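Chemist: Please arrange chain B on chain A, whose structure you already have, making use of the hints.
There are 2 protein chains.
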Amino acid sequence: MKNIGIVGLGLIGGSYGLALRQTGKYRIFGYDADPEHQSLALELGLADDILSEPVWSSLDGVILAVPVDVLPSLARQVLDKTNDNCWVADTGSIKSVLARKLADHPGRDRFVLSHPIAGTEYSGPSAALPDLFKGKINIITDPEDSRPDLLEQVTEIHRDLAMEVHFMPSDEHDRHIAYVSHLSHISAFMLGKTVLETEPSEKNIFLMAGSGFASTVRLAKSSPETWTPIFTENKDAILPVLKKYRENLDVFIRLLENEDKKTIFELLKDINRIEGIIDDIHQKHGKR
Amino acid sequence: MKNIGIVGLGLIGGSYGLALRQTGKYRIFGYDADPEHQSLALELGLADDILSEPVWSSLDGVILAVPVDVLPSLARQVLDKTNDNCWVADTGSIKSVLARKLADHPGRDRFVLSHPIAGTEYSGPSAALPDLFKGKINIITDPEDSRPDLLEQVTEIHRDLAMEVHFMPSDEHDRHIAYVSHLSHISAFMLGKTVLETEPSEKNIFLMAGSGFASTVRLAKSSPETWTPIFTENKDAILPVLKKYRENLDVFIRLLENEDKKTIFELLKDINRIEGIIDDIHQKHGKR
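Chains as they are written, first to last, in this note's numbering: chain A, 1 to 288; chain B, 1 to 288.
No wet-lab data here; the hints were simulated from the structure.
Watch out, some of these pointers could steer you wrong.
Here are the simulated lysine-lysine pairs, BS3-like style, with alpha carbons at most 27 Å apart [claimed, not checked]:
| hint | chain 1 | residue 1 | chain 2 | residue 2 |
| --- | --- | --- | --- | --- |
| 1 | A | K235 | B | K269 |
| 2 | B | K261 | A | K101 |
| 3 | A | K25 | A | K2 |
| 4 | B | K81 | B | K101 |
| 5 | A | K261 | B | K101 |
| 6 | A | K203 | B | K244 |
| 7 | A | K235 | B | K243 |
| 8 | B | K101 | B | K235 |
Here the structure is a predicted model, which means the values were calculated and not measured.
Chain A with its partners taken away, still in its complex shape (with noise of 0.2 Å):
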């Protein structure tokens, strides 16, 4: 049995530890930064033990699901506190600036660049979910970075968890991200302002809202301690996308103002190719 470290016992981390736990492969000592999430965590079962000092040289393994802000320096101590041919991965949507923070750690190549596509709009150790990465994604960064042997077994924990392992390098991660998950959560967010700003009564958003509207508006649940330093830690790849959104929507609102019919009426017709597309996440994901 392997013994793996957990710093960070929310959504992510949590659902790792509960996940690695059912496979009877390995023992889960698990960290969070707050004594009542630690604690809560050990009696939803999301770790076997605390992540006390003495553990951290007999590790074979550490998982760090952190905000991407504080991620670099904590990455750099854990590396510092690990025996030779401990793994180190983190599970962050943001690739490049770890790896350039990284880059001159002489334990560079224990470090495994990771990002498990999955995730809800909780956060938190009650959040966790046994079955979050089952089926789902996860993409490698700048794999020729890692020692073959530890890149072996952070790939084989994910394959435990019933994951397709894709590899890719950082700055092709950060920017296909930005315009399928970073873009979402801003105009999530953004909507969910521009609502509760023309409409004070909650009751009446209510009484008119589809399922539409929620399904669009759902990703503005999402945490802020994540979402801020995603944001800004990858604006260099989100603010071309989010520019291009919005000259987008000027265009519609020139239409708009015109009454062009015809010419929506395309535009329209032309996005419904997305269809294919999402279908083919949900057969993955499930509908939510």
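Modeler: Here is chain B on its own, set in the frame of chain A:
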């Protein structure tokens, strides 16, 4: 058993047909301008029979489920050929234009302006669902302009479908629906457009996209035939909220350019208030 005509046998009209037939209280006569849709609708059991010319005068009620731009002229024709005790109700998601265009018709008091808040991103007869309306809200506008006995019959039909019926003025309806439904659809369409323009390879979108992307963009699959006229006919209510949405995006872009983490964090935290509203909507409509 009452005889009900349904004009337009797509998602909405077809779902009315299925659900009303199941009550055992109504015999459904269906018509669709597209002969293929009409045959398919009969095959699928969305209607008992075809709504042919001789049937019109014996109907007790007619439901119009067609795009909002063809509604006004159709509504006048249907009022002309139905009997003096036959109600006519629409299902459109905007009301003021129709109310204005029917105001001078001698049969106006047989018309009931009605909007079932239910739907999916699919269209056509095969998209019809027997429980689409169950537990949802139906809004009737300007009820004082309809004959009380006929208004009661239309209300009863919706209660037979297990819907809650609410009443409000047409202009208030159109103003509210602009930001809870129409804005969501526009943001989803523009998000779909932005992603399709940014990433021509569908494989890459699929690989990186989580359920969040799919849920935010889902409405971009909606029918251009239905939504183009909704957008253009409700533009006076839509444009102000769409411009407010664009302003909110502008503010966010500036905050991101300045890496103003503190303000972004506070902004997202405040928007999290939407959580309670979304949870209430999910309870009513289910998660999709």
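Chemist: All the hints need checking, so say for each whether the structure fits it.
Modeler: Hints and how they fare:
Note on K235/A and K269/B: the hinted pairing holds, with a Cα-Cα distance of about 19 Å set against a maximum of 27 Å. A hinted pair counts as satisfied when its Cα atoms are at most 27 Å apart, and K261/B with K101/A qualifies at roughly 20 Å. With a C-alpha separation of about 7 Å, the suggested pairing of K25/A with K2/A holds against the 27 Å cut-off. Proximity of K81/B to K101/B is assessed by CA-CA distance (about 18 Å); at most 27 Å being required, the pair is judged to hold.
At roughly 20 Å between alpha-carbon atoms, K261/A and K101/B fall within 27 Å of each other, so this suggested pair holds. Only pairs whose Cα atoms come within 27 Å are accepted, and K203/A paired with K244/B is accepted, the gap being roughly 21 Å. Distance check on the hinted pair: K235/A and K243/B sit about 24 Å apart at the alpha-carbon level, within 27 Å; holds. Between K101/B and K235/B the CA atoms are separated by roughly 17 Å; this keeps the pair inside 27 Å, and the hint holds.
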